[in-house]
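At position 607 of the sequence shown (counting the first as 1) the number is 607 in my numbering, and the numbers step up by one without a gap.
These are calculated hints, taken from the structure and not from any lab test.
If you're wondering where the values come from, they're calculated on a predicted model, not measured in any experiment.
Backbone N, C-alpha and C define an ideal beta-carbon position, used for all residues, glycine too.
Label pairs and their computed distance ranges (CB to CB): (1) Tyr-518 <-> Lys-357: 41 to 49 angstroms; (2) Arg-527 <-> Val-290: 52 to 60 angstroms; (3) Lys-357 <-> Met-273: 17 to 25 angstroms; (4) Lys-529 <-> Lys-254: 57 to 65 angstroms; (5) Asn-17 <-> Gly-72: 31 to 39 angstroms; (6) Lys-254 <-> Glu-154: 38 to 46 angstroms; (7) Glu-340 <-> Glu-106: 34 to 42 angstroms; (8) Val-290 <-> Leu-417: 33 to 41 angstroms.
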Amino acid sequence: MINSVATIGEYLIKKENRPPLSILTQDSKAKYVVGIVLNKSGNNYDYETIRIEEYDSINFEKYLYRRGESQGADVTPTCKITDIDKTFKKKFLHWFSESNSYNLSEEAIKEIEGIKKVLEKNQEIILKDIKNTINAFSDNEIKGGTLLTLLFKENDEIQYLFDLKIFRSILVDRSNFRYYNKYGLQSIGKNKICSICLNNEDEVYGFTSDIFPFYTLDKSSFAPSLNQKNGWKLYPVCAKCALNLEEGKKYIEKFMNLNFYGRYRYYLIPKFMNLVEENYYDSIFDLFEVYAKDPSFSKEKRGWIRDLTYTEDRILELISEQKNLLTLNLVFYDKPNPKELKILLNIGDVLPSYLNKLFETKKRVDNIEIFYNNQISFNFEILYNIFVRSMEKDKSKKFYIDTIGRIFTGKKINYNLILFFLIKRIRKNFSNNINTKDMTLKGFMLLLYLDALLILDKSNAGESMEKSLNQDVFEEKNEIVHIANKVFNQYGSFFNSDIKKAIFLEGVLTQKLLNIQYRDKKSTPFRNKLNGLKLDEKRIKTLLPQIQAKLEDYGKNYYKEIEKLISKYFLKAGEKWNIDNNEISFYFVLGMNMADIFVIKKDMAVEEE
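All chains, full assembly: derive it from the sequences and hints.
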């Protein structure tokens, strides 16, 4: 992942032909600049005046602004004015008191000391002049933000910090300083190989994790040899690659930092194959940049189907159409604080062709009649609802993240694990008198989707969805058998045993009874017999005669063909049921929620009553 970030940064720097200083300087987005002007004559300096000018947002590099630590000075003597007194003393003047740590030559240190003496000698006058200058402006004029910087006048020409080599050198060194200086010590390797460019460099640094804080050395127990000075041994990075990382990170944060259902953030980081032409880089970056400006453009201009991940993230489908000249890293993360990046899941090396397979499979599952008619579309929100909302615990979130990773990498997913969470959620809805149809059909859709991808690890599951059984269930040609044949043939891999068919049909029959009860009594007392959908072999066997008896009591047993079919499947199944109780419950409730498929003439007559 980190190497891909550096590659992106390196490409952007070369493409824009940007010198290192332009990358290291930051746009403060100020409105005005207050400059303390010193007359320069050789190595001698004298305070002259305060100069105020509009901020030059095009050539902002000339101010050499780069934010430092919140409690200390900035990287150069250019800082944002908040409180005038505090900014001048604690930010601006304080910068000069740290000159001994700037890795300067003796001559340069003397020059900085000379500037410092002039500023300290005239600080009261300078502070007064700054206040008078700023106070001459109204609040509305100045409220856009103001920078305080140092200017030099030599031969009647104004020079900015950028114009003096000493300050350019300080910016470079102090920008690198945080890569090797931390915890009161330094982590530098001399003449070592950089882990990114693999070149032997004069220096490599050990604290570059601040750029992408995916690991930390804040405790010595995490450092190599239990010594934080040896941090460079863990992930040595040279100054050039650190700069590439900085630039790559900026781009990724701006264009490749995406939302996953409003619950997780993830980086979508491309990794380009070797010898890829520059125009291919450009075409991929264009996708991200155009998409960032108008996330809806793909839908409006190309008529996208409902998305696999989230309406904000159609970028995945756009990339799925690309050639396999790159792979993708999907890095799901959490940021407990700005200095720590907690990686929840790192999915690496996903090919566009595999992404395309995920989307094409989604389209096929979406178009299955029962889902299409109920306006249900597959996406990963279904997975979240099954896993996390069925049990609000960290463990369920872990399963959810892990399952996402398995789908994107084509790894097997345990069928029983999915069923465990799915039936738990359905039972919860059932107990709270929430309609179970939506969750049941979405759960079934998930199982079909995984089965179509050939990643559902289901013991004795029979053939895959694409190779459904085509033979009739029984030779009899009546209305119910015809409907049952259609259902069992369409979802052959999920109805690969007689007992599953029997349980499913008993769920259908149960729902028919509940419908009659509700139409007649506006209540469904038989629901109490279902034990909160915690069903097993014994309860399934005892339910059938109870349902039949109720239908006979009401004089509305229009479903004798269903009862007959259930009995036949029970007989064919024998006494030993090789099926888990969660699976029993799922097939039963699936039948309940697909009961409206089994429409017979008597059903329609009852509805018209």
